[in-house]
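*Asks:* If you read the sequences in order, they're chains C and F. For the first sequence, the working numbering begins at 1 and goes up steadily by one. For the second sequence, the working numbering begins at 1001 and goes up steadily by one.
To be clear, the hints were calculated from the coordinates, so they are not data collected in a lab. Zero decoy hints are in this set.
Capping the alpha-carbon separation at 25 Å, the derived lysine-lysine pairs in BS3-like fashion look like this:
{"#": "1", "chain 1": "F", "residue 1": "K1197", "chain 2": "F", "residue 2": "K1228"}
{"#": "2", "chain 1": "F", "residue 1": "K1123", "chain 2": "F", "residue 2": "K1150"}
{"#": "3", "chain 1": "C", "residue 1": "K64", "chain 2": "C", "residue 2": "K94"}
{"#": "4", "chain 1": "C", "residue 1": "K89", "chain 2": "F", "residue 2": "K1197"}
{"#": "5", "chain 1": "F", "residue 1": "K1193", "chain 2": "C", "residue 2": "K89"}
{"#": "6", "chain 1": "C", "residue 1": "K118", "chain 2": "F", "residue 2": "K1090"}
{"#": "7", "chain 1": "C", "residue 1": "K42", "chain 2": "C", "residue 2": "K118"}
{"#": "8", "chain 1": "F", "residue 1": "K1020", "chain 2": "F", "residue 2": "K1030"}
{"#": "9", "chain 1": "F", "residue 1": "K1228", "chain 2": "C", "residue 2": "K94"}
{"#": "10", "chain 1": "F", "residue 1": "K1230", "chain 2": "C", "residue 2": "K89"}
{"#": "11", "chain 1": "F", "residue 1": "K1228", "chain 2": "C", "residue 2": "K89"}
{"#": "12", "chain 1": "F", "residue 1": "K1005", "chain 2": "F", "residue 2": "K1019"}
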Amino acid sequence: MAYRILIIDDSPTMRQLLVFALKRLNGVEVAEASDGVDGYKKLTSGKFDLIVADINMPVMDGLKLVSIIRGNPAYKDIPIVMVTTEGGKEDREKALSLGANAYITKPIQAPHVLSVVKELLKIT
Amino acid sequence: MVDEKNIFSRAEEFLQLFKKGADFTQELLKENERLRFKVVQLEEEKRLVSVSGAGSSGKLAAELNKRIQTLEQEMQKLLQRHREVEAENKDFANRYIEIEQENNNLANLYVASFQLHSTLDFKEVLQIIQEIIINLIGGEIFGVLLLDEKTNELTAVATEGVDKEEIPLIKIGVGIIGGVAKSGENYFIDEIKPFEKFNPLSPIVCIPLKIKEHVIGVIAIYKLLQQKPKFSELDYELFTLLAGHAATAIFSSKLYSESERKLSTIQGFINLLTK
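Chain C extracted, bound-state conformation (with noise of 0.2 Å):
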């Protein structure tokens, strides 16, 4: 089964990142976008399993972004995973309140990431 993960962050570099450790994963297929606007439209757009995002980014941020996902019935149940430099215990508790699932901080460990990544995904 092929999974289908978007990954929204500003940074180019970060999203090369990520994407290096999501392609480890057999079946599974990226897409990106820069910020959370972009990665609505591409959500919206197209069929994905999980939602990788920063959220810190221009246009609009990943918190608001997590927000209107979780506000539309749609996309309620899509796992959202956090991916971010704010390593405050009040920024985590938020973002998981609004619906995120996962919290990770920056800076990143792909294995830890892909551990979240399967663990949401149920890859085993």
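Given the structure of chain C, go ahead and fit chain F onto it with the hints provided.
*Replies:* What follows is chain F alone, placed relative to chain C:
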């Protein structure tokens, strides 16, 4: 007379009876003798059977003991092999983790160098250097300073967490940053203490940007992200990579920008002449 006859007749009867009793007793004695012989025979047989039976079971027990010993030895060998295989498995698992980590580090280094050389735009190169420091190293406050070879001063051209203006011009050879620019050697603080106040002259890390031995600037990191308490092995590799690749990328993009500008000027001049 009759009485005498009766007495004789009765005596004869008694005698016959006695004889019969004696014969019967003889038969009984014979039978008794035969039975006693039979009992002795049976007891002897029984003894012989028990003796021969004990011998075979003893042999069997010896064989079984030998077999048990062999099996125990085999079991010990198998246990030893199992321990060896377990140790090998553990070793493989550790090796797998190391390779996984190494693979991850190589991927990070590849992405970093790929990104650094993906553009000839000076601003983009600086942006990529900043992204690498934030996303791969975990820097929160830092600056990229370039050396002006005419004035021998380092100027902040890109910063994160502070304004460029907060980092003053730094003379080569002066302080930590100036010293790194002069020596071309990396600087790492001995112990990262909790961040209190931004001091532009006291970075926790300062990496020279070098093309071969020629220093063109430095990267000064003042604070790491709160979730990043110390540097990892990868960070030191990234510092080395940044020292070389970032310098080349900056230098190339600057040259390219200058040549583009000169080309544009020359083109304008030619256009003016040919009009």
